[in-house]
Amino acid sequence: MSFLSIRNLSVRLKKGPPLLRRVSLDVQAGEVRGLVGESGAGKSMIGKAVLGILPPSVEITGGEILLDGTDLLRLPPKDRRRRIGASCALIPQDPLTALNPSHRIGPQITDRLVDILGWSRSTAESRARDLLAEVQIPEPDRVLRAYPHELSGGMRQRILIASAFAAEPRLIVADEPTTALDVTVQKQILKLIAGMQARHGTALLFVTHDLGVVSKVCQNLSVLYSGMVVEDSAVTDFFAAPRHPYSRALLAATPKYTDPAAGLTPVPDEVIAAVRAEVAAFDAGGIA
Amino acid sequence: MTDLYAVHDLRLSLADMTSKPLFGAAPRIEILKGLSFTIPKGAVVGIVGGSGSGKSTLGRALVRLLEPSSGAIRFDGTDITHLAEAQLRPLRRRFQMIFQDPMSSLNPRHRVGTIIAEPMRLHGLSDIRDRTARALDHVGLPQHFATRFPHELSGGQRQRVGIARAIALEPDFILADEIVSGLDVSSQAQVLNLLERLVADLGLTLAFISHDLSVIRRLCQRTIVLYQGQIVEDRATADLFANPQAAYSRDLLDAIPLPDPAQPWA
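Residue numbers (my numbering), protein chains in the order written: chain E, -13 to 274; chain P, -18 to 247.
Where hints are given, some of them may not hold.
So the derived label-pair ranges between C-beta atoms look like this [unchecked claim]: (1) E:P87 <-> P:T128: 39 to 47 Å; (2) E:P87 <-> P:P245: 50 to 58 Å; (3) P:R102 <-> E:G181: 50 to 58 Å; (4) E:G16 <-> P:S51: 51 to 59 Å; (5) E:Q14 <-> P:Q244: 20 to 28 Å.
Keep in mind the hints are simulated off the structure, nothing from the lab. Predicted model, so just to flag it, every value in this text is computed and none were measured. Ideal Cβ positions, reconstructed from N, Cα and C, are used throughout, including at glycine.
Build out the structure end to end from the sequences listed, making use of the hints.
See below:
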């Protein structure tokens, strides 16, 4: 059974338009699933719904989020938070805003382990040191005492990865974890995340807009348009032959340096019109 | 072909605010460490490098938003390295810049028409209304967009406004600093196609700063690779991709994630 199973999840702006339209997807232990789509397609929204950190302006109107078989949406808020906190973690997009600039790195990793999960301070600290070594940070002891501004972007992202894995979560949501980084650093970080995920057998929901990145780290992917899953495929099948016209167009718009002669085709208007019609037909169906 | 830009031993240092003591001056840190290159008229040159390699600093020096510490920048025969603002003013019309983030480079309280017209007003041009209309036309935006505010536009449309503002002055040279990195692939493809057409139609010279080599490969005939403030490679783009010389160029190429699961990624 999948560790995370989202069934027909619908989310909308309070008294506003729908943001997610009956989204269903599964992530098994040890699997990486990519969530792809253009900005505003709702890919981050899915990650936020799973982690219970949706902004107050939106509401869930239907569906289930099954975590290890338990529907999170049916739990009282306190139990839900406890369950998510114990088994899930986030690798955020921007490593600078995710770290508190006025605190040293060490406590930012260990405080959650001590205060929320009840570890002893010394266990938490040695765990933090081991993890920093695992994410290939030289001199972990020095870094634990450093402030975020003393470290490079790649370093900070490594710290957030270490922090995400600290409590051995069974599911990690990575929300565009490398968009702020250089290609060379991106490669190191992606290999690091993939390696850690494989070693720890974590289920990983990987939000990105970069199909190149998907092809390197994911086994399966969901393509979103306007909050609707238009394609759910294995990565190898997808890149061999995307099924939905919109996914095909998205792939055609992605530049490849190996194929400079190929013209870059923006997603054609008729494809957009067709996929919008699908969304409209869905909304007219009246199923929330 | 004559050179529009001739840059010789360009050096630029800035105050290092991260290691500034509480009192006293911050130490200077050298960002550009002796760059020499030329940009011929009509060329499309890519500038790539990692973050902190100095690519944006180089761009800002070319359009003299920053003053070099030493070396020389000649623009169409004129030495602009240390020109004072008053002497630069008439030249500024000829080298324009398009910024990375259209949300922060377009005044949110002005309408698109005003935003495009502002630099023309500053340079005292006539027929501003017609020129604005032509600029919108060039970037493929309908005329009624002139009355819209930036927040009403999509990312790709905002970037088109940035391009319209730059080309409205009929410059010789445009510096585009990471202008597609914030866009979705579809808008990115549209903006790149547009830029390519404008370069051909208007006879522009373009320097295109990017960290995305696939985009550079598509757009630029020549590429300058920067690493820690120095040029490690400056060659025809096709040669660079076929046979990268510098170790850093090879690393850059190897790190690009191609949308193809079969590509080995050692």
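ask   = When the hints from earlier in the document are held up against this structure, which numbers fail?
value = Those not satisfied come down to hint 2.
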